[in-house]
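Sequence order for the protein chains is A and B.
Per numbering that gives the first Met the number 0, the first sequence runs over residues 0 to 282.
Per numbering that gives the first Met the number 0, the second sequence runs over residues 0 to 327.
Since the hints were made in silico from the structure, they are not lab data.
Hints may be right or wrong, so weigh each one.
As a list, the in silico EDC-like pairs of lysine to aspartate or glutamate whose alpha-carbon atoms are at most 16 Å apart [claimed, not checked]:
id, chain 1, residue 1, chain 2, residue 2
1, A, K132, B, E283
2, A, K8, B, E220
3, B, K62, B, D74
4, A, K179, B, E283
5, A, K179, B, D25
6, A, K179, A, E168
7, A, K51, A, D246
Only some residues are given here: those of chain A computed to face chain B with a beta carbon under 7 Å [as the list claims (entries may be wrong)]:
id, residue
8, R7
9, K8
10, F9
11, M14
12, V26
13, I84
14, G224
15, N266
16, F268
Label pairs and their calculated CB-CB ranges [unchecked claim]:
id, chain 1, residue 1, chain 2, residue 2, range
17, A, K51, B, P228, 55 to 61 Å
18, B, T161, A, S99, 23 to 29 Å
19, B, G94, A, R249, 40 to 46 Å
20, B, E283, A, T16, 34 to 40 Å
21, B, M50, A, E58, 45 to 51 Å
22, B, S285, A, F30, 25 to 31 Å
23, B, F164, A, I264, 49 to 55 Å
24, B, T161, A, P83, 42 to 48 Å
25, B, I20, A, S238, 57 to 63 Å
Idealized CB from N, CA, C, for every residue including glycine.
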Amino acid sequence: MNARLRWRKFVSNFMLTLTGICAAIAVSALFFILGYLVYHGGTSINWDFFTKLPAPVGEGGGGMANAIVGSAKLLLLASFIGIPIGFFGGIYMAEFSNSSIAFVVRFAADLLNGVPSIVIGIFAYTVAVLPFKHFSTWAGGLALGIMMIPITLRSTEEFLHSVPRALREGAMALGASKWKTIMSVVVPAAYRGIMTAILLALARVAGETAPLLFTALGNRFWSPGWNQPTASLPAMIYSYALSAFEDWHRQAWAAGLVLLALILIVNIFARVILARGTAVPRS
Amino acid sequence: MATSTTTVPNAGPTSGSRSFISRLKDGDEIARIITFLFAASVVLITVLIVMQLWHDSNLSREKYGWKFFVKQVWDPTNDDFGALTFVYGTLVTSGIGLLIAVPLGLGAAIFLAELAPQKISDTLQFFIDLLAAVPSVIYGLLGVFIVVPLMREYIQPALKGTLGFLPLFQGPPFGVGFLTAGIVLAIMVIPYIISVSREVLLSVPRDQREAALALGSTRWESTWKVVVPFARSGIMGSIFLALARALGETMAVTMVVGNTPTISASLLSPGYSIAAVIANDLPEASGVYLHALIELGLVLFAFTFILNGLARLLLVLTTQKGSGMGHV
């Protein structure tokens, strides 16, 4: 073996090892993040965290019950906007549309998917906060709902496309109308995939902070109804992390741990259990 | 009138396909119309967002025109606004982010696509997908409490000590600043680069690799000189997607960039970004101030629109190339 070949083999092995190190670094980032959150936030998670209102500065203790409920309310509103538009729009795209309309809708959905969340926030601010002169749960839910639409629509469309033609033809041959075929044969066949996509979309908007800063704003107390500013977990993390108080920092870590745990559990559930056997499209 | 209405239903059945009326009875036509309305609302919302941003930035657009982008002032008390510092900060932090994320992400993607056995590759990809799901405010949290102190105590003094003669590493080590924001952005966008690049590399036909190996190249040479160039435009696509993410990223940057409108050659200096100034100032702004902020949002929209469009184009080109060659 001459020196040149040895050198080439060395370079090959060296560079390939380097790529392995890159992969190891990237993956270990996840465990670093989880580890730090558990280390700093784990001790502050107790029953109070889930059941009490935030404590005033210096008192210690307290919890984030209002933020947890606030996040749940925002996600509920977002679902009411994002899921129907995305789901039925996806059905139209996969089953009814002609190619030119499909192109326009797909283009708009992809465009919407790429819009930075803060820009969606500005939109919600100008249409749902400025005209009413106050921040509200509605406005926050609107912003998050808009963000859910493109993900739900595109994946519904994709999963419906992947349903075999023979299933449709079988139902049609039995005399079912097109709509009946879609609702009782095609959609159930693609059900798991669509559920996966909706859960992933929810998990994604659950952690969004930027569009909430000037729509749902935040709230130190309970937010009754839907018309007032509300606290949410991500916005709490943001304001507590930037505060000057040691107590609040600990609460921010705890809130971060709870939020990330919820998001990862939903992701793992959706990807591993629900999506078994179906290909999950990546964002 | 009466005759014309009676002729319409009669004309239907002769057209060959099922008439409008019978489709209406099946519910097919109703379903088509209703689902169409949902699909159309996606287009409507997108158009509305653009129109709203355009309309609500008119005060600023009329007052400054294109000069908005070359003015460095940002003075809410005197109602005088220019976007330059924020555009600069956004581009610099995203640039640093990509400089770090591209080699790391591409390296990891090569490992996952070319070296790792399928099972390991899929498992690692699963973790990468989870990493992509981590919300940006969590990156901000870790940035504030882990990265910023680390930068202030160790990395920035070390950089000043070794490379301090360069204008890039001047000034006191604040911890926050362009470099810190860039590093946090890099960690955030790496999963996107890995996922998309891995997919693109996997779509490169097998015979490309085999041909290179048969000609006597080493494994690395076949990867670097054949497979990666083959997938070049797709990899560029993944980089553009990551750049679009980085430009629009708000929380992580806002929390570590320092929020000081400065243009400085030093990467250690605190700075500001478009998304950060919107996040901090929008709720209190009104009049020209508000419109200037919304115009910044419009700029962000335009940036990401162009980058996402280019990325999609490049990705379509590569996958077509890959599948086309696969049949040969």
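Tested hints:
1. A:K132 with B:E283: holds, 12 Å
2. A:K8 with B:E220: holds, 10 Å
3. B:K62 with B:D74: Roughly 15 Å separates the two Cα atoms, so the pair holds.
4. A:K179 with B:E283: At roughly 52 Å apart (the allowed maximum being 16 Å), B:E283 and A:K179 break the hint.
5. A:K179 with B:D25: holds, 9 Å
6. A:K179 with A:E168: holds, 12 Å
7. A:K51 with A:D246: holds, 15 Å
8. R7: holds, 5 Å
9. K8: holds, 6 Å
10. F9: violated, 9 Å
11. M14: holds, 5 Å
12. V26: holds, 5 Å
13. I84: holds, 5 Å
14. G224: violated, 21 Å
15. N266: holds, 5 Å
16. F268: violated, 12 Å
17. A:K51 with B:P228: 55 to 61 Å: For B:P228 against A:K51, whose Cβ atoms are near 59 Å apart, the range 55 to 61 Å holds.
18. B:T161 with A:S99: 23 to 29 Å: Violated, since B:T161 and A:S99 (Cβ atoms, about 59 Å apart) do not stay within the stated range.
19. B:G94 with A:R249: 40 to 46 Å: violated, 35 Å
20. B:E283 with A:T16: 34 to 40 Å: Violated, at about 53 Å.
21. B:M50 with A:E58: 45 to 51 Å: For B:M50 and A:E58 the Cβ distance comes to about 48 Å; the hint holds.
22. B:S285 with A:F30: 25 to 31 Å: About 46 Å separates the Cβ atoms of B:S285 and A:F30, which means 25 to 31 Å is violated.
23. B:F164 with A:I264: 49 to 55 Å: holds, 50 Å
24. B:T161 with A:P83: 42 to 48 Å: violated, 58 Å
25. B:I20 with A:S238: 57 to 63 Å: Cβ of B:I20 to Cβ of A:S238: about 59 Å, so the range 57 to 63 Å holds.
In summary, the numbered hints that this structure violates are 4, 10, 14, 16, 18, 19, 20, 22 and 24.
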